[in-house]
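These are the residues of each chain, in order.
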Amino acid sequence: MAIIRHILLSVFTIAVLYFLGMFVLKTVPYSGKPAIYITNNYYNWKGGDTYEKYREFSKTGDYDIVVAGSSRAYRGYSPFLFDSAGYNCFNLGTSAQSIKNTYFIVKHYLDSANCQLLIIDVFAGAFTKNQLESSSDLVENLNDPAAAYDVAMHNKDIRTLNIATLRFLTENDKPYFSKKDYSGKGYSEKGDSLSVKQQTDFFNRKKVTHKKIEIDEEQIRYFNKIVDLCMEKKLRVVFVYSPVSYFYDYSIHHSFVDMLKPSMEMKNVPFYDFSICDSINTAYHFYDESHLNSAGVKIFNRALVTKLKQDKILSDK
Amino acid sequence: MLFNSLDFFLFFSAVFISWLVTPVNFRWIILLGASLVFYGWEKPVYLFLLALTILITYSSAIKMEEFKKAPVKKRLFLYSAVFVNLGILIIFKYLGFFTDIISQLGTLFSKGFSIQSLHLLLPIGISFYTFQSIGYSLDVYYGLRKPEKHLGYFALFVSFFPQILSGPIGRSNEMLPQIHQPKPFSLNNLGYGLQRFVWGLFKKIVIADRLDIYVNDVYSNIPDYPGSVLWLATLLFAFQLYADFSAYTDMAIGVARIFGFTLLENFDFPFISKSVTEFWRRWHMSLSSWLRDYVYTPIQFSKKKWKKWATVYAIFLTFFICGLWHGAKMTFVIFGIIQGLALMYEMLTREKRQQWRENTNPYIYNSYSWLITFMFTLISFVFFRANTTADAFLLIQKQFTTFYDIAGLKAFMVHSGGIKFLFSMALLMLFVLIDRYFATTIQTQNKKAYVLNVMASVLIVFILLFGTFGKVDFIYFQF
Amino acid sequence: MDQHHEKLTQVFRNVFKNDSIEITRTTTAADIDQWDSITHLDLITATEEAFHIEITGFDVMGLKNVGDLLDLIQRKLED
Numbered sequence: 049m050a051i052i053r054h055i056l057l058s059v060f061t062i063a064v065l066y067f068l069g070m071f072v073l074k075t076v077p078y079s080g081k082p083a084i085y086i087t088n089n090y091y092n093w094k095g096g097d098t099y100e101k102y103r104e105f106s107k108t109g110d111y112d113i114v115v116a117g118s119s120r121a122y123r124g125y126s127p128f129l130f131d132s133a134g135y136n137c138f139n140l141g142t143s144a145q146s147i148k149n150t151y152f153i154v155k156h157y158l159d160s161a162n163c164q165l166l167i168i169d170v171f172a173g174a175f176t177k178n179q180l181e182s183s184s185d186l187v188e189n190l191n192d193p194a195a196a197y198d199v200a201m202h203n204k205d206i207r208t209l210n211i212a213t214l215r216f217l218t219e220n221d222k223p224y225f226s227k228k229d230y231s232g233k234g235y236s237e238k239g240d241s242l243s244v245k246q247q248t249d250f251f252n253r254k255k256v257t258h259k260k261i262e263i264d265e266e267q268i269r270y271f272n273k274i275v276d277l278c279m280e281k282k283l284r285v286v287f288v289y290s291p292v293s294y295f296y297d298y299s300i301h302h303s304f305v306d307m308l309k310p311s312m313e314m315k316n317v318p319f320y321d322f323s324i325c326d327s328i329n330t331a332y333h334f335y336d337e338s339h340l341n342s343a344g345v346k347i348f349n350r351a352l353v354t355k356l357k358q359d360k361i362l363s364d365k
Numbered sequence: 003m004l005f006n007s008l009d010f011f012l013f014f015s016a017v018f019i020s021w022l023v024t025p026v027n028f029r030w031i032i033l034l035g036a037s038l039v040f041y042g043w044e045k046p047v048y049l050f051l052l053a054l055t056i057l058i059t060y061s062s063a064i065k066m067e068e069f070k071k072a073p074v075k076k077r078l079f080l081y082s083a084v085f086v087n088l089g090i091l092i093i094f095k096y097l098g099f100f101t102d103i104i105s106q107l108g109t110l111f112s113k114g115f116s117i118q119s120l121h122l123l124l125p126i127g128i129s130f131y132t133f134q135s136i137g138y139s140l141d142v143y144y145g146l147r148k149p150e151k152h153l154g155y156f157a158l159f160v161s162f163f164p165q166i167l168s169g170p171i172g173r174s175n176e177m178l179p180q181i182h183q184p185k186p187f188s189l190n191n192l193g194y195g196l197q198r199f200v201w202g203l204f205k206k207i208v209i210a211d212r213l214d215i216y217v218n219d220v221y222s223n224i225p226d227y228p229g230s231v232l233w234l235a236t237l238l239f240a241f242q243l244y245a246d247f248s249a250y251t252d253m254a255i256g257v258a259r260i261f262g263f264t265l266l267e268n269f270d271f272p273f274i275s276k277s278v279t280e281f282w283r284r285w286h287m288s289l290s291s292w293l294r295d296y297v298y299t300p301i302q303f304s305k306k307k308w309k310k311w312a313t314v315y316a317i318f319l320t321f322f323i324c325g326l327w328h329g330a331k332m333t334f335v336i337f338g339i340i341q342g343l344a345l346m347y348e349m350l351t352r353e354k355r356q357q358w359r360e361n362t363n364p365y366i367y368n369s370y371s372w373l374i375t376f377m378f379t380l381i382s383f384v385f386f387r388a389n390t391t392a393d394a395f396l397l398i399q400k401q402f403t404t405f406y407d408i409a410g411l412k413a414f415m416v417h418s419g420g421i422k423f424l425f426s427m428a429l430l431m432l433f434v435l436i437d438r439y440f441a442t443t444i445q446t447q448n449k450k451a452y453v454l455n456v457m458a459s460v461l462i463v464f465i466l467l468f469g470t471f472g473k474v475d476f477i478y479f480q481f
Numbered sequence: 003m004d005q006h007h008e009k010l011t012q013v014f015r016n017v018f019k020n021d022s023i024e025i026t027r028t029t030t031a032a033d034i035d036q037w038d039s040i041t042h043l044d045l046i047t048a049t050e051e052a053f054h055i056e057i058t059g060f061d062v063m064g065l066k067n068v069g070d071l072l073d074l075i076q077r078k079l080e081d
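Chains as they are written, first to last, in this note's numbering: chain A, 49 to 365; chain B, 3 to 481; chain C, 3 to 81.
Rather than coming from a laboratory, the hints here were simulated on the basis of the structure.
There's no promise every hint is true.
The list that follows gives simulated cross-link-like pairs (lysine-lysine, DSS-like), each with its CA atoms no further than 25 Å apart [stated by the list, open to error]:
1. C:K19 with B:K310
2. A:K227 with B:K310
3. B:K309 with C:K66
4. C:K9 with B:K309
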């Protein structure tokens, strides 16, 4: 059968050339790193805070609080502040973590035994179509291969499969870099405030043009799946919208939150909207357009703990 | 539905299997059903427009045949078919443009003048299938084709899914006989179709969509860049447009061939043209030959007494329409007009240029002709791509004043990713080098089957390794 | 018919300024370098003059090759 012969020839040629190509791109160096990174925008290096924190996290540990979400999570919730309030805390937030990828983190890393309370930081920006940055980071750096390949398979973009191949080929390599501001327990701290220039630029802008955020339906579906997954795992979960700066496009905020409400209300999951927080001031408490600095984190985390205690979600310690 | 999407892959697999298991004489039903699903995929409501085109064109052609001996009535039915098709096109594509122009003219004369601006959502593919239908009506009218009696066959002719969204614009004499005599499944056709499809996919995903990022960046921020960068971006756009549209054509031709249909070719390496006249014989050939047969020739012969000025007049009108066909925007009108002017110049200097050619070293003459033609093409593409006429003029002005700004060019490359940008350029270079060889080899199938298979497999590996995925529409979808 | 063929050959040679042109009933525009949509009009007007007939745009649309043109000439002369 000619057709079978041709299919076999194609599959064989593609497989051989693909792995050969990946191997060459991974082996040939360009300025000290494998040359593959020059071929596309989304290759992430093995290493950095994601690499470190998932190896530091213990699946058999006993955490009072685990935080998940985007960079607004790992820069906005300090485990050390929660620790000093008496709660053992770990932060599993990663760069641009889409809510879909948060689902796979919860699925593979958390259960009612290692985590008493899961805080998921929600942010409209984590609900858009573009998940490649987050997926490639996780596929390359999660220590649990099952989790990494699960993320890769569900991304519906061939590039994540390349990164999965890259992970496979770099399995024995040491991490290529580390991040200076990583402070341990999954948290990254920054002390700086917004520069005067950033602030004056903002107020001098005649018309503020926000980057348009388009909410992707699939992400909403995964948000609902997370709620169900936590119910299934008997994992206590709350969703928190952490404080935003005046750079944030507030016009879409309410309609976005309304999309999340039905499933939270149905399953009785608490939601805390700190997006506008009286004592937080963009000028002093943010280090860039969307991330709190250490002073901001202190105020916000304190307010959050107080609120969670009030509502008896956290017991007094 | 995009050809380069998972949806299309699943859709195609389902259609192909149903087609394969259906007896040859009933396969048109599968293809027609598939075409309607394909066309109505995103907005089913547009199927009503398509049905209107099909029914009116179909029945008026039959009426034309009936009134063969009564020229006035025959003509009336031609007019009604053309009127309905052009009407749909004008209402959906040009109404907003015309009302805007009227309201702008109005405000010139009286301050309080205002008119409701009417911008309707453009149904995709409308410019292609209405032209195909109008061509059919004219073929019947001129007696070049007997009217199609079978409504199902006719509906398939208008809506055949590989070509409905972006052509190639089919002709009655080339498509209808193929629908009447369906070809059985053949391994050769499957191989050819898949190779052609993969070649298109490579051009779209590895070349065009990669270039889109840079072109888009520059064309949205023209004031920020010097002339040197604007030249580079325009050059990249030319290749993007060619790769993008010829990719669509390759995929359409490939898919159609799997079902045994041979569609018209659309591109014949346009950028090697040595004159603008030659360019239009190599670029979007199904549109330019359509315009030649149904617009240019009738106009030219209607003004026959003007001798060569009849040709000049016909060229100008045809390219004005050609520009407008691309979109209801002043930039496209200007694109058409400058193309028309260049063709008029070439037509009027034919003999003089012949003399120059004879008196010059052929190598030098050909090189210069190519260079001038290519530069002209680039400048005309500025109007094709620019968002507004003001943008286009600003861009061209900068192209001629700050073209020497090498530092700015370097800064742009760094800002676009430095080594990553150069890698994209290397891929583009590779494409330019292999384009002719791959396209010709696949089209003529002049190598052994296993060689062709390996060529396609190499392309697939390139797609996997270097593809830019995610939804980027084909440029010609907007027309 | 033959004399039409001969006369038409002469028309072709004059219009395309090439005395070696030979035409048959199956010759098409693709076979003669200079024969394109621009010179087509010259060819038709020269044909009209040579045979003292009038060819309209409508007639022209049906022409696919030299054979069609010869038939058209015949038809026009008979009218």
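Do the hints match the structure? See the list:
no.	hint	in the structure
1	C:K19 with B:K310	holds, 17 Å
2	A:K227 with B:K310	violated, 74 Å
3	B:K309 with C:K66	holds, 22 Å
4	C:K9 with B:K309	holds, 22 Å
In this structure, the one hint that does not hold is number 2.
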